[in-house]
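Listed below are the residues making up each chain.
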Amino acid sequence: MLTKEVRGKLVDIVGGENVKDSQQDLIVYSYDSTPDYQAIPDAVIKPRNKQDVSEIVKVCNSHGVPIVPRGSGTNLCAGTTPLEGGIVMIFNHMSEILEIDDENLTITVQPGVITLDLIEAAEAKGLFYPPDPGSMKISTIAGNILECSGGLRGLKYGVTRDYVIGLEFVMPNGDIVKTGGKLAKDVAGYDLTRLMVGSEGTLGIITEATLKLIPIPETKKTMLALYDSLEAAGNTVSKIIANRIIPATLEFLDQPTIQVVEDFAKIGLPTEAGAVLLIEQDGPAEVVERDIEKIAEICRETNAISVQIASTPEEGAALTAARRTALSALARMKPTTILEDATVPRSKIAEMVRAIEKIAKENDVQICTFGHAGDGNLHPTCMTDARDKEEMKRVEKSFEEIFKKAIELGGTITGEHGVGVMKSPYLSWKVGETGVDAMFAIKQAFDPNNIMNPGKIFAKDTRKRVVVEK
Amino acid sequence: MSVTTDMKRNEQIKKDFKEKMDYDELLNCMRCGFCLPSCPTYIETKGNEAASPRGRIALMKAVVDGKMEPDEDFEAQLSLCLGCRACEPACPSGVKYGHLLEQALDILQTKKKYSPPVKMFRSLIFNQLFPHQSRMRGLNGLLWFYQNSGVQKVARATKMTGIVGKHLSTMERVLPSIASPKQLKNRPSHVEAEGVVKKKVAFFSGCLMDTMFMETNDSTLYLLKKANCDVVIPQTQNCCGALHAHSGEMDTAKELAKKNIVAFEEGEFDHIVSNAGGCGAVLVDYGHILKDEPKWKQRAEAFSAKVKDISEILLDVGLPEMELDPQIITYQDSCHLRNVQGTFSAPRKLLQSIKGTQFMEMKDADQCCGSAGTYNIIEQEMSMQILDHKMAKVDEVKAATIVTANPGCLLQMKLGVEREGKQKTMKAVHIVDLLAEAVKYKEKQLQKV
Ligand SMILES: Cc1cc2nc3c(=O)[nH]c(=O)nc-3n(C[C@H](O)[C@H](O)[C@H](O)COP(=O)(O)OP(=O)(O)OC[C@H]3O[C@@H](n4cnc5c(N)ncnc54)[C@H](O)[C@@H]3O)c2cc1C
Ligand code: SF4
Ligand code: SF4
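Chains as they are written, first to last, in my numbering: chain Z, 1 to 470; chain E, 1001 to 1449.
So here's chain E without its partners, still in its complex pose (with noise of 0.2 Å):
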């Protein structure tokens, strides 16, 4: 980029900081600094203040009001945060820190001028494939993310060289079996429950888990029906929009958002059902996302207010008994389903009702596992550092079985369990295969019997 591009690429940006930041909620951060010691990246850069909630705060603070060029230190202080949002519950003055990082990223992405590669990347990854879910089938999303050669190519554009390929390939490993295209093809629209019906519910059944994590919504659809609840499958929904929402393509976000809304609004429903901890708190947070489209916000309030995580729902309704084979499980949140959506006791409480096994809480299991979206491709140093020290914590409970209730995350433990050399003793797992496999043990006992 020359120069004269580059000083006008900073005008603007500060021009967009200066007319888009929400400026009350940046002045809601009073600096009290509660939200420091629940930061990941402030505890891993062993406190770096510029590494925090609140220095980042103050950091697009002072971008607003002139004090700062947005630099790159800047761009990559920004680009170094996970998003996971785990400031947002410690912050008693109710900061919308995740809100405030999304306004940045999407100033700082409109006005970013990518190497070509780069930019070829991102146009595939975020208009070409995700928006549509038909291709996701074709081509089977992540798979072919991570085994397409132009990603190494990206690697090596952007700051990645090294170890990448390494991690690449190793997180090809961890990549769950693929279904068929056939599979793929033949996805239900409606599951009856099995007895007497207590809830209808609908599904969203996701863009990467219809595809490449078919099985667990196989699981999910399985265990709705045991649960006696009815399922529509809408058709004509899409992907959740949270990469592109995290990514600063905040226009496809909003598009994917109301072509969603559309597709639930048939229909009689109590709840919208979601397995993905990332995909649920965006749908959560539509209302946010099209506040300012006025003919959007109400109908997308009330698309919000019906969505539920499934360890909500089967908590609620209740499942047959379930059973395993003696072991040690322990359950790692989802950074949003935790922090965004509010969940975290219904996942522990299903898992300690398995009977035969033993629910052991690892330390700081509320953190983030440093997979974050796309964040373990782009920050892989940092994302390691968080997953090795995540590992130590599954160790020291001696677990057997590390749960987790989120792709993103179940990819990344994996990882941290093909790091460690673990893969004969240890395993990561979708909470509701856990679960599926659970009822299914307790069945073939009983018929046993």
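In isolation and in its complexed conformation, chain Z is listed as follows (with noise of 0.2 Å):
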């Protein structure tokens, strides 16, 4: 609880209807999308501007009052779980879209923007955002930033840390600090930017971001290819980028996977397939007319049994769309749902796919997997029930050995869902002990007193994976 004296000055500074701190208030703040964690905040506060956010962090800091900054709680790492109590910040009155400018091609937004929302107030400029997580439709932009979230655009487009050009950010000292702006070119100083992208809201709050646009493509056309396994499918998407072609997505799905997709979305997959690659290519028409040909001869010599190309734009969007709810939709199958985020070089990709089998096969779980794969960017999701305790222990042994092979391959532990506590044990397996040292002196300098989402990337002992509730 928090005691008198700091909730007075957060009232003080915000007003009482923004200082939450009921029972059913903290339950509703005390999760995120990350199974089997839960932690009860003190209270939950929703600053209206980049003042009260100084003001609050001043006050938070002299009193040691972790602060948990969320968005819209969808992170899969328990980056927004309050481990340590304190107060979760909430952007509700910070959502406006503040600008789009269409002569220096940028957006420039509030934190509690939707990410849909800004795609599309883009796209109605004829201007494109092309970072579209799969939780784009319910995740806030503020939340991307902070956990450089990918999409399914992303082999040919990048992640969000390629469009973040400008942040206004408050230090964990309550200082405002600005850093980029509307500019193509900037080396004034160390790259604030890119630090604070993927910090997870371990450094400070943001309250403002400049995000770079691009004219949006003419065209774009949508194909599935169907194979009898996923390694099969795997061996397409290295030889597509071997030939030197960049699709805008690149997706696959197992079998399970698309069957319970198909449940929940009914436009027709065909789910008897071992595997399915979603591949999408945009551009001037005559250039995806060429590309989409040219896939659908290297799908077929790889060994694809059918190739479909969607017929209209309509059909391609249904599509994509059913493929982000490739995660929730499998849900469906088991209690508890566990995704990973393992990522390889796209080259390695079969490799990886035969190695998860495997894994799954000795440690008698059950795995399904789906993800980016031109990005080499695997969601290896095991299905299981975390009231099985031993059970539990397999699932977590199997994750263990995705991550070494991951690394082995020369991957990472996480492509785009971050550290968060999940994946903290793990982190000096990729970046080694002095690389963790290297963060947690940056982490030391800006946050000395740990107020900022704390127990997040640092863990307390490394290796230990932690999956059963808290």
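These are computed hints drawn from the structure, not numbers from a lab.
One or more of the hints may lead you astray.
Partial pick of chain Z residues on the chain E-facing surface, computed with a CB cut under 8 Å [as the list claims (entries may be wrong)]:
hint, residue
1, Gln23
2, Gln24
3, Ile27
4, Val28
5, Tyr31
6, Ser72
7, Thr74
8, Ile138
9, Thr325
10, Leu327
11, Ala331
12, Lys404
Beta carbons are placed, not taken as given, at the ideal position from N, Cα and C, and that holds for glycine.
Reassemble the complex: the two chains are provided individually, in unrelated frames, and hints are given to aid placement.
Here is the structure:
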């Protein structure tokens, strides 16, 4: 519980209506989309502007109260679970699109703007904001920035990081800092913009962001290629890229995933196929036409059972929309769905898929795999039941082996979902002890009192992975 | 209520939550949040997680887990839920939110100590009035409901004050003209197809529909006849139980379900036709309502499998040509018809086939209008906020005719027209009434020629 003094000070800043601490408020901000993590905060606070944020941070800093900034709570690394209590800060009052600048091709937004609203606002002006995470209907732009989210168009267009060109953030001491701007070039000092991107709310609070937009591609075409196995699909992926074609989207789903997605979306997906690749190309009509034909040819050469090209844009959109539901749809199979985010160099995708299948078999756990194949970003997803402690041990072991294999192949423990609590014990596996030390030095310089989202990224002890309930 | 009885009630509720809530279904929610953008109360509260499906499920789970007391806030939050179930088709994980809500309300209801006037009111509505078709006819349902002075007492006893009076009198103004007792007595039991029989159907007439909305039922029978359907109307049927199931009166809902199952087991027909989205959604759910009664489960499922909305049947068998004076028509989905029965394109297709008119889809037509059974009386503030936003969408497409597929929605949309003071230029109608008018209009035209 907050002390009377702290609570009083917070109320003075934002008003009583913006400090919430009823039982109900605390419960509904105690979780995010990460399975099996829950921790009750002491209060929920809704700042109205950056001055509010700055004042709140000052109070928390001097009283050692943790702050957990939260967007829509869709992260998958327990990034907004308030493990050490404190206040959850939400941005319902700071969710406006401030400006679309069509001379500089930028958009400036407040942190609480929903990703899809931003994308649609840009499109209404003939402009394009490519990062489109599966959760874009719900996720906030700040959440995207702080996790450096990727999307279905990542292969060709990159991830959130590649579009953030300016930020305004509040430091843990209350200072307001502005970085970057509507600039194509800017080397004035350290690149704080990049540092903040993917910092998971551990360094400061974003209060405004300027993002780069690009012209909207003229046309796009979508196709599905069907395979006997995920491995065969993996081979196609490597081949397409080796042929110097970069499709906008190159996603894959295995058979159980196709099945559950079809159960939900009912758009006639081939549920009997062992795996499918969902491929999309965009750009000028001739280029799209040529690329799609070439890709279809490669698919057939690499043992696709069949290749289907969507006949209308609506049909294509239905396919990509269905793909976005994969994770949630898998959740219908078992009480607990734990998803991982291992990423390997593209050329290693088939090998990684093979390893995952083997690991699942050896540990006798059910793992389905889908993901951003073109990015080498796999989402092996385990269907289990958190109440079955024995099985949970095997699940944990499987994921450890998957991480190990990914790193062996030159990959990483997380491609886009962030470290949070989930992957903190493994961070040093990827970046080494010296890497963790360097990161920790930055954390200490920014946040000496450790009030910003404590317990995230840096593990108390390494290696031991916690999936059981807190 | 004294402190000790209060505590006792709390303990009992917690125990019941542990024992009766479907924990697997609660766990089935993986908290992805895909349902948030489709939830009207989440939108209207500008993103209050507690007023979202994900939040409400988390609250129910917290009570089961012993992490939270089922306090007043908790009950208020469940009461604020429209029960529109827009969160269900949006959920990739297939969480049956409606069933969870029903279970929770049922527990809270049976443990509820109402103040004497509210208790009397509930008993009248749920036990004395709706289950008895004859009384519905005699008292003429809702009209009594609104006009009886008891309602005002209840309004004062609960938190509704001030604007309630005004709201109720507007509500009275939008009620349909009431059929005479004599008309009500002479309801048909069989209607023959006009030409060669294409389908045999049974008609679920509904307690409200066959009293207050008798004209709409007549239109339904007229259209079925024109579409060459042979119609039987089993005389022992009664109220579907929707109001009971959604207000935590589960036992009465079960009794009503059984009576209806028996009533529709005789005679040969392909479908049971319903013309009210709210009723239909409960009729297709009888299998679930009676899932714990082995003797009834199968019969209930057989019943539910036959239920179809009138618009699906009419689209399937085909209506004669339709025409109306030029006007812009828009359609407001009935939540339960859309989200539970999955019917949304049939009514639109039928409306689009009316010559002379223009169909315009309004934005967010799939979102609840705020009527939701008794919601617009109990949660009036939220209901009116939703309605006003809805009317803004109607205005955007410049519609002169708002079509609905459920009596509650119809009254609510009529209220919306009244609130905007547009009675002269805008009307709200039930889809079958408009279709019947369009069939008759065309017939007249042909006779002239
Ligand atoms: C079904 C599903 C599909 C998904 N698909 C993808 C996908 O395709 N690609 C992908 O990359 N991710 C995906 N995710 C993960 C998740 O949606 C993303 O990480 C998303 O960016 C989180 O956004 P959010 O608004 O929910 O942020 P939250 O989860 O609320 O927060 C994320 C992080 O941002 C911090 N934060 C939020 N606001 C601020 C602020 N103003 N200042 C400082 N810190 C802040 C939080 O502390 C936290 O560390 C998916 C998740 C789900 C449930
Ligand atoms: S969409 Fe379904 S699984 Fe996701 S939060 Fe809502 S109810 Fe839960
Ligand atoms: S039933 Fe309607 S109001 Fe209730 S949680 Fe679902 S979408 Fe929201």
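Tested hints:
1. About 5 Å separates the beta-carbon of glutamine 23 (chain Z) from the nearest beta-carbon of chain E, less than 8 Å, and the hint is met.
2. Annotation: interface hint on glutamine 24 (chain Z) holds; nearest CB of chain E at approximately 4 Å, less than 8 Å.
3. The criterion of a C-beta within 8 Å of any C-beta in chain E is met by isoleucine 27 (chain Z), whose closest approach is roughly 5 Å, and the hint holds.
4. The restraint placing valine 28 (chain Z) at the interface with chain E holds, with a minimum CB-CB distance near 4 Å, inside the 8 Å limit.
5. Because the smallest distance between the Cβ of tyrosine 31 (chain Z) and any Cβ of chain E comes to about 6 Å, under 8 Å, the interface hint for this residue holds.
6. Hint status for serine 72 (chain Z) relative to chain E: holds, with the closest Cβ pair at about 6 Å, below 8 Å.
7. With a cut of 8 Å, the hint placing threonine 74 (chain Z) at the interface with chain E holds, because the nearest CB-to-CB distance is about 5 Å.
8. Taking 8 Å as the C-beta contact cut-off toward chain E, the hint placing isoleucine 138 (chain Z) at the interface holds, the least distance being around 4 Å.
9. Checking threonine 325 (chain Z) against chain E by beta carbon gives a least distance of about 4 Å; that is within 8 Å, so the hint holds.
10. With 8 Å as the threshold, the beta carbon of leucine 327 (chain Z) comes within range of chain E, its nearest partner Cβ sitting at about 7 Å, so the hint holds.
11. A hinted interface residue such as alanine 331 (chain Z) counts as satisfied when its beta carbon comes closer than 8 Å to some beta carbon of chain E; here the least separation is about 4 Å, so the hint holds.
12. Among the interface hints, the one on lysine 404 (chain Z) is violated; its C-beta lies about 26 Å from the nearest C-beta in chain E, farther than the 8 Å criterion.
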